[in-house]
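A.B. asks: Chains as they are written, first to last, in numbering that gives the first Met the number 0: chain A, 0 to 417; chain E, 0 to 294; chain S, 0 to 341.
A couple of the hints might just be wrong.
Claimed, not checked - Stretch by stretch, here's where chain S covers chain A in the computed footprint (C-beta under 8 Å, at least three residues):
id: 1; segment: 69 to 75
id: 2; segment: 79 to 91
id: 3; segment: 101 to 108
Said to hold, decoys possible - Straight-line Cα separation of at most 27 Å, DSS-like style, residue types lysine-lysine; simulated pairs:
id: 4; chain 1: A; residue 1: K375; chain 2: A; residue 2: K299
id: 5; chain 1: A; residue 1: K375; chain 2: E; residue 2: K130
id: 6; chain 1: A; residue 1: K368; chain 2: E; residue 2: K286
Claimed, not checked - Taking beta-carbon pairs under 8 Å as the criterion, some of the chain S residues facing chain E (in silico):
id: 7; residue: K5
id: 8; residue: L7
id: 9; residue: A120
Calculated from the structure, these hints are not laboratory results.
Ideal Cβ placement from N, Cα and C applies to all residues, glycine included.
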Amino acid sequence: MQWMRQVGLLALAVALSALVTRPAGADELRIGFLAPVSGPLAQIAKDMVDGFRMYLDDHKGDFHGATIKLIVADTQAKPAAAVLQAQKLIKQNHVNMLIGGVLASTGYALAPISTREKVLYIASVPASDNLTQRDAHDYPYFVRTGWTSSQPNHPFGEWACQNGIKKVVTIAADYAFGYEQVGGFQKTFEACGGQIVQKMWPPIGTVDYSPYISSIKQDADAVFVLPVGAGMLNLTRQLQASGIVPRMHLIGSGATFDEFVLPNMGDEVIGAYSALQYSAAIETPENEAFVKEFRKRFGKVPGYFAESNYTTAMLIDAVMQQTNGKWPGAEAFIKTLTALKVDAPRGPVSFDDMRNPVQNIYIRQVEKKKMFGDSKAELWNVVVKTEPHVSQFWSFNKAEYLKQPVYDRNYPPCKFCK
Amino acid sequence: MGNGEKRPTMDTRFWLLQVFNGVSYGALLFLVGSGLSLIFGVMRMVNLAHGSFFLLGGYVALTALWGTGSWLLAGLAAAVVVGIIGMSMERIFMRRLGGDHLRQVLLTFGFVLLFQQGALDIWGGDNLFIKVPQVLNRSLVLGTVYLPLYRVFIVAVAAVIGIALWLVLDKTRAGAMVRATVDDAQMARGIGIDTSRVSMLTFGLGALLAGLGGMIGGGFLGVYPGLDFEILPLAFAVVIIGGMGSLGGAVIGAVVVGLVDNFGKVLFPQASYFTLYAPLVLLLAVKPTGLFGRE
Amino acid sequence: MSRQLKILAVLALLIAVVVVTPHTTPFLLMLATRILILAILAMSLDVLLGFTGIASLGHAAFLGLGAYLTAILAVRYHFGLGWDFWLVVLFGILLGAATAAVFALFALRARGVYFLMITLALSQCVWGLAYRWDSLTGGDNGLNLPGRPMLGPISLGNDTAYFYLVFGFFAASLVLLYIFVESPFGRSLVGIREHEVRMSILGYNVWLHKYIAFIVSGAFAGLAGVLWAHVSSEVSPEDVTLTTSVDALLMVVLGGPGTLLGGVLGAVIVLFLREYLSTLVPWWPYVLGGVYVATISYLPDGLLGALMQRGRILAAGVTPAPESVQPPNRAKKLEVNEGGVS
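Modelling step: build the complete structure from the supplied sequences, incorporating the hints.
C.D. replies: Have a look at this one:
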């Protein structure tokens, strides 16, 4: 039948294209970009790719002589698929480097591949602490251009304690990112004299937080929130409906109030404090230009997913400037990259000797205002304090820090939970 | 027990809050589960796309809300549109499978895939939220206890719909035809009831209820990709505990699931992944047709 | 087509696959390896669905258990990375069989749609365990295996070598399952699928037959799990989700239940669409959903069944009984509509 023949031809075409592999052109830089294009995290993938592409397009796809070939691969938010796509990008598309990934499990699945295949992997989003700490020596081809989960919360814990918050209840999603963020906050908050009086870990996929909210210890003065995934907006809403907020301060993860979700939140989050290496409300000319252009092109304010990948492109460009557009091999590239200092939209970025960024951390508060000459008042993460030159180890002695275990559900232990 | 997870003080305030939370959550689940229960009762098949109907209801309501600004119209739109989608699905696709129930179940899953991708393409991947009308957007304060008015509203809506369904099923001719088909489809056909028409209308009604649930839930849970997969096991739990085809069972099932989920999370936080599934396994092992199911 | 001719044709196809695939692209080689592993999973599910007539929504549990066993032994006990790999294979099979033996005690009390629910719930419990017991399983970070086993001088880290190994397991599984379904025991399973009441009247212990089918199914799924852990050298809770169970069901139904090779065809289509078409176009989920809906609507015996009817492709395994071609008759054989207790 007619349609069968057509289907057969299509299948043939598809099969043939699988066999075609062009070798890299002389000054071509091939980049394999891994993101969860299909599935519930599709919007995150879009922001990541948009951020990277914006820099690429601004520079007409040419990084100081190197023509960039960007190949986007769909991880479907599953580590097994990410592994297959990464292997394909390396062995078939002959990419010079891999970028991206979102989930901790993807970061952990791709890092060993980078070691085995000796291919550079730039993790622009995965934030698992240990990848550049206790496990860093296993992954010499792994570089981070984003952050570690605990990095922003070390200064945040100290700031909270110094600004009147004494007793905190944490409600954080029950997974590694949650443990590391709460752990970082707890360590500095309690070192300064604060007390975490209750830790609750709702499972991923929770939509109704009322069991947790109704159990909140009434003598606390702040609630630290880290909901994740699809139902994340419900926690802040339900907190307000229960009266806990604004009676108690609302504080939380920078990822919870990031511009990725902020426009979908309501007035219940006004006044909330959080910490992150980026805020769209940073008042520098570089950031203002970045935010305005992103908004013009994609119709939304950029959050850290977009900024992280934009800055990654900027960093790659800066390396290419030093090598005159020629790919110097993975080892030399990493060396040059980690010696850089750039001015990104998030501010100055450099690297520590574990290949993680050293950068500003911004303590922000959600406010409804007009920014950058806009006529509409919207929710912004207005910067309240800038902590400069923050590394993943904060002010701790690196060797001492690495001796302690990674932050977990039970580490640091909850001394003040009765 | 891990530290930080000690049991909270269980005074009256605590119990009042927990029961209220459990019951109001259960009310929402009743809206989703009652449709699923009806569909099984009449058609003897499980609609795996039920979560998708719930989600689509939320999305359609959002579009209607953005377009007209009327919350009530949004609710109507959600119910009607999803109901029509359900009926069309049954009429065009499921009808041709004759009585092969397993295939019908598996077919509904194909639609889950299509709906999922379609919703993503039309509405994007952001977490959205249906703004609750101001009049409902506050809390009843009883001493130190805050009861969000919207949750009370959900209970009220579920009660109204539950009573309406019961009246229709019990007191009207159409309801009698549905009940006859549930009890014995072959017999019903024998006395002249057009069971395929009953099936189509029931499927549409089930979809409508789910869509309405999605619209109401949209002001409480939000509307986002992945919600379809998250609400589906809960809907199953409701009809399994309550028994397929039993409206009263669905009420009880919904309340039980709401309370168990709520109390389980508060009292046994380490077992939170199992508070729903482990009891379900045990229940099904002991009484495979659910608490109130019939053959 | 005579039985011998069919077997010869399948043999020729298998030989073609094993000879040609390593000479195609690296991506196709890796994809083919994964397809073969999931084909083992699909065939194991076909034993339950296609031959015994009971649909399980929880097969990911066995895959996950086999995979996590392999990963935990490799990461925490440094076991299974040399010749002791074969022991891990054995353990994976035993674990799959043992878990199935336990699950079946609960699940077989239910029938039809309740069976679907209870297998789903059991599988979700396994997922919860993988997620929550993070000191053992790594929680949501998953576990990274230190690399594929070294069998003497042969490193399975070489994709071609691993492909041959997986192919060997696949071929062995196909042969063993074929013998199983063609045996008198297997034939009685089909009898149970077609008319359970008649079988019990004839004196067959229906429950025991189903129980053993479940165990055999679990054993092969556990094997698939062991191979799955090493294919990406990592295991995460994502491997044990509802989506994986549904994928397995999709593969069997799409390809054709009751034909063994139907599951293989289904695995080819599903993986090809997910992993390959996804690199070309963003609208591939519509193709998957559309193909699936069309197949179920128009081809009740799956793609393989339809092709077999046209006599163009030969298949190993039991030819579905002629009367099952019309959907209404099949309804009597697949027991979703009945709500009774065994």
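A.B. asks: Now tell me if each hint is right for this structure.
C.D. replies: Against the structure, the hints come out as follows:
Only residues whose beta carbon comes within less than 8 Å of a beta carbon in chain S count, and the segment 69 to 75 of chain A has 3; three or more means the coverage holds. Here's how the segment 79 to 91 of chain A fares: 9 of its residues keep a CB closer than 8 Å to some CB of chain S, so the rule of at least three is met and the hint holds. With 5 residues having a Cβ less than 8 Å from any Cβ of chain S, the segment 101 to 108 of chain A passes the three-residue criterion, so the hint holds. Note on K375/A and K299/A: the hinted pairing holds, with a Cα-Cα distance of about 13 Å set against a maximum of 27 Å.
Of the supplied pair hints, the one linking K375/A and K130/E holds, its CA atoms being roughly 19 Å apart against a limit of 27 Å. Restraint check for K368/A and K286/E: the C-alpha separation of about 59 Å exceeds 27 Å, so the hint is violated. For K5/S, the suggested interface contact is broken, since its CB lies about 26 Å from the closest CB of chain E, more than 8 Å. This hint is violated: L7/S has a C-beta 33 Å from the nearest C-beta of chain E, more than the 8 Å allowed.
Interface restraint check for A120/S: the shortest CB-CB distance to chain E comes to about 4 Å, inside 8 Å, so the restraint holds.
In this structure, the hints that do not hold are numbers 6, 7, 8, in rising order.
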